[in-house]
Amino acid sequence: MFLKITVAGLLTASMMISTSALAGSDSETDQEDSGYEEKEDIHEHQCEYNYHNKLQILHSSDNESSFQDPNTLEEKILNYSTIAKGLKRVAKRECTPSLYLTAGDHTLPGPFYQASTEAFGEPGLGDILIYNAMGLAANGIGNHEFDGGINEFAEMINMARYPFIAVNLDFSQVVVADGTPEIEIGKDAKRCAKSRGKVVKSCWVKRGEHKIGLIGRAPADFFNVIEDPINTLPGLDFVGGRDANNQPLISAVGQVLEQVELLESKGINRIILLDHAQDFTADPLSASALRGIDIIVAAGSTGFMARPVADGPYNLLRPEDTAEADYPTWRVDSEGETVLVINSDQQYRYLGNLIVTFNKSGHIADVDMRSGPVATNEAGVEALKMELGARRLGPKKRVVGIYDAIRDTTIIQDAFFVVGSTDYPLNGFRADVRTRETNLGLLAADSTIWGAQQNGFPTVDIALKNGGGIRDTIQGPTIIRLAVEAALAFDNTLTVLQMSGDQVLAAMENSVSRADATDGRFPQIAGMVLEFDTANPPLEALASVTTPSRVRNLTITKHDGTVVNLVTDGVADATALSDSFVLATNSFTATGGDGYAAFPASVVLGATSIGEQQILEEYIINVLGGNVSMMDDATNPQRVIRLP
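For our numbering, count along the sequence shown from 1 and bump the result up by 5.
Hints in this document: simulated from the structure, not taken from any laboratory.
In this text the structure is predicted, and so the values were computed from the model without any measurement.
There's no promise every hint is true.
Unchecked claim - Listed next, the in silico DSS-like pairs over lysine-lysine satisfying Cα-Cα at most 25 Å (straight line):
no., residue 1, residue 2
1, 90, 192
2, 211, 90
3, 390, 401
4, 390, 402
5, 90, 563
6, 365, 216
7, 211, 192
8, 390, 271
9, 195, 81
What the hints assert, rightly or not - Distance ranges between label pairs, derived from CB positions:
no., residue 1, residue 2, range
10, 373, 573, 52 to 62 Å
11, 483, 192, 45 to 55 Å
12, 246, 186, 25 to 35 Å
Note that the Cβ used here is the ideal one computed from N, Cα and C, for glycine as well.
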């Protein structure tokens with residue numbers, strides 16, 4: 006392990022000596038639990054009612070290593086740390102215990118994730134060190150923590166001063182490379198501080214005189230949203246195994262309830278579920294199917310919650326944002342008890358702030374009207390300063406030091422290279438690229454065909470880019486490399502496949518099989534025009550389809566200009582079904598990711614040696630002359646058309 010020291014982001018000598026120093030002191034003498042980084046000096050005799058009955062829960066999810074906005078260059082991670090520190094001060098002033106939790110997708114292999122290799126010796130460690138420094142108590146496991154493979158996950162969790170929680174993932178047969186730390190499995194329903202750096206199904210923390218139980222659930226679609234899991238995650242499985250479609254054989258509902266009973270047997274009756282559900286899942290954990298859960302921190306979904314009117318920093322949204330549901334959303338469990346569902350927007354843009362009161366039985370009694378998200382921008386910081394009556398409010402010093410070390414790496418400094426310009430914002434918003442064609446999706450698909458043709462595969466006919474592989478918008482007008490890297494954060498190589506018509510049809514049926522669920526498989530395409538109708542039944546994860554369902558029309562223009570009507574008015578052409586096509590896609594979908602079972606069933610012609618980021622950059626420079634001029638018109642799609 007090594008640590009890069011820079012003039013701009015000088016870290017203290019104690020940080021160089023010990024990675025635990027990077028995280029800050031976390032001994033039992035000055036912290037209640039794992040991650041609680043500030044000494045608790047609230048005296049119970051002074052704050053008896055609040056201290057015994059009230060709790061502040063700071064929460065977020067899907068932060069995905071997005072430390073800095075690639076368009077505005079806003080240093081979100083610093084504002085996020087500032088907001089977290091300020092909200093804890095509010096709670097401390099009001100004699101309310103505070104608990105900081107995340108619900109998965111800590112990391113994503115973009116530039117800041119990769120820069121940790123240069124700064125700290127392994128990718129993703131900067132993220133973990135920052136969470137350590139901010140006092141994270143626990144993380145509910147998502148899927149993106151595993152994008153770099155099981156060995157990178159093992160290195161990250163080994164550095165964590167908090168547990169990773171999921172009832173439904175079985176780590177008992179995991180195999181890591183020689184020299185990689187083993188992934189430790191902790192005992193369930195034990196104190197979270199005893200499971201730091203381990204995976205568990207549940208644990209508990211103590212706040213005030215009460216114990217708070219924590220349970221986690223990884224997404225049921227986990228093995229469909231990770232590239233080549235057989236090879237990248239050897240030995241990892243669902244508890245009870247999974248079927249041919251990578252869905253769990255055993256529902257997580259019973260597994261969650263098992264942990265509820267285990268925690269209750271220890272006298273713990275205040276329980277929080279960290280649920281990293283995807284937008285589509287075959288195993289929903291609805292409140293009505295559960296008991297004993299008081300709060301569900303929901304993650305992995307599109308959209309977020311807030312109250313309709315801001316009160317100072319509380320429920321203060323960024324100007325461009327609108328909440329899609331009330332914060333919290335009230336539900337009722339199988340026993341008629343209240344369950345609060347909460348979430349926050351992603352990528353360090355907000356920090357959720359739930360202030361809740363429990364009754365003597367451990368059930369929800371009241372929710373403070375200040376509960377809701379706080380924007381992690383300058384407006385949020387200034388409003389929180391006014392709330393606190395503070396002249397100064399800034400991020401934790403350890404967070405600044407870690408971030409400075411990452412920012413000063415060659416990887417990040419090179420990311421400010423100017424690629425070109427765009428006349429219109431290139432739309433990579435999650436809710437858009439997963440439901441319709443966007444101009445950034447078109448650009449990515451066009452560059453996929455060109456990139457494959459320029460790198461040894463001149464006969465490529467068509468291209469497909471999954472919407473879930475587009476992670477951010479390129480706002481413009483200047484396009485810097487960081488924006489390209491953020492938009493195509495996975496930087497997959499391209500795989501070129503020879504496919505029959507029935508395989509192409511199967512892939513396109515899969516691409517729209519979850520079109521109403523904002524799923525990542527939604528297609529951004531080139532060389533094809535697709536018309537589909539979601540009124541018809543979905544066909545997903547099939548290797549071959551000869552009778553269309555949702556695909557009503559599918560026209561392919563081959564590289565030589567030949568036009569093939571594969572499907573017309575819902576009827577497939579028999580000759581076209583046996584025709585041969587050459588398709589380029591990213592390595593994630595090529596191995597069956599997002600349910601594209603037809604791709605691994607096809608003939609692999611080869612792969613590019615460079616990734617999507619470089620291909621898009623070169624396409625903008627060499628083909629478009631450094632300027633993108635492509636409007637984003639949702640009302641007039643050209644290649645992907647949803648029929649009424």
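Between residue 483 and residue 192, is the Cβ distance one that fits in 45 to 55 Å?
holds, 53 Å
| request: Compare the distance between the alpha carbons of residue 390 and residue 271 with 25 Å, and conclude whether the hinted pair is satisfied. | output: violated, 40 Å
Exercise. If you draw a straight line from the CA of residue 365 to the CA of residue 216, is it 25 Å or shorter?
Worked result: Between residue 365 and residue 216 the Cα gap is close to 13 Å, so the pair holds against 25 Å.
Open item on the list: What's the verdict on residue 195 and residue 81, does the C-alpha distance respect the 25 Å limit or exceed it?
Closed with: At roughly 34 Å apart (the allowed maximum being 25 Å), residue 81 and residue 195 break the hint.
Distance restraint hint 52 to 62 Å, applied to the beta-carbon atoms of residue 373 and residue 573: holds, 59 Å
Restraint status (C-alpha distance of residue 211 to residue 192 at most 25 Å)
holds, 17 Å
Margin query: Hinted pair, alpha-carbon criterion (25 Å max): residue 90, residue 192. Please report holds or violated.
Written below: The given pair, whose Cα atoms are some 31 Å apart, is violated under the 25 Å limit.
Quick one, are residue 390 and residue 401 close enough, alpha carbons at most 25 Å? Answer holds: residue 390 to residue 401 is near 15 Å, not above 25 Å.
- prompt: Hey, residue 90 versus residue 563, does the alpha-carbon distance stay inside 25 Å?
  reply: Violated, at about 57 Å.
Query raised in the report: Does the structure keep residue 211 and residue 90 at a Cα separation of 25 Å or less?
Result: The given pair, whose Cα atoms are some 20 Å apart, holds under the 25 Å limit.
Given a hint of 25 to 35 Å, does the C-beta separation of residue 246 and residue 186 actually sit inside it? Given range 25 to 35 Å: holds, Cβ gap about 26 Å.
Mind checking the alpha carbons of residue 390 and residue 402 for me, to see if they're no more than 25 Å apart?
holds, 18 Å
Checked against the numbered hints given earlier, this structure breaks hints 1, 5, 8, 9; the rest are met.
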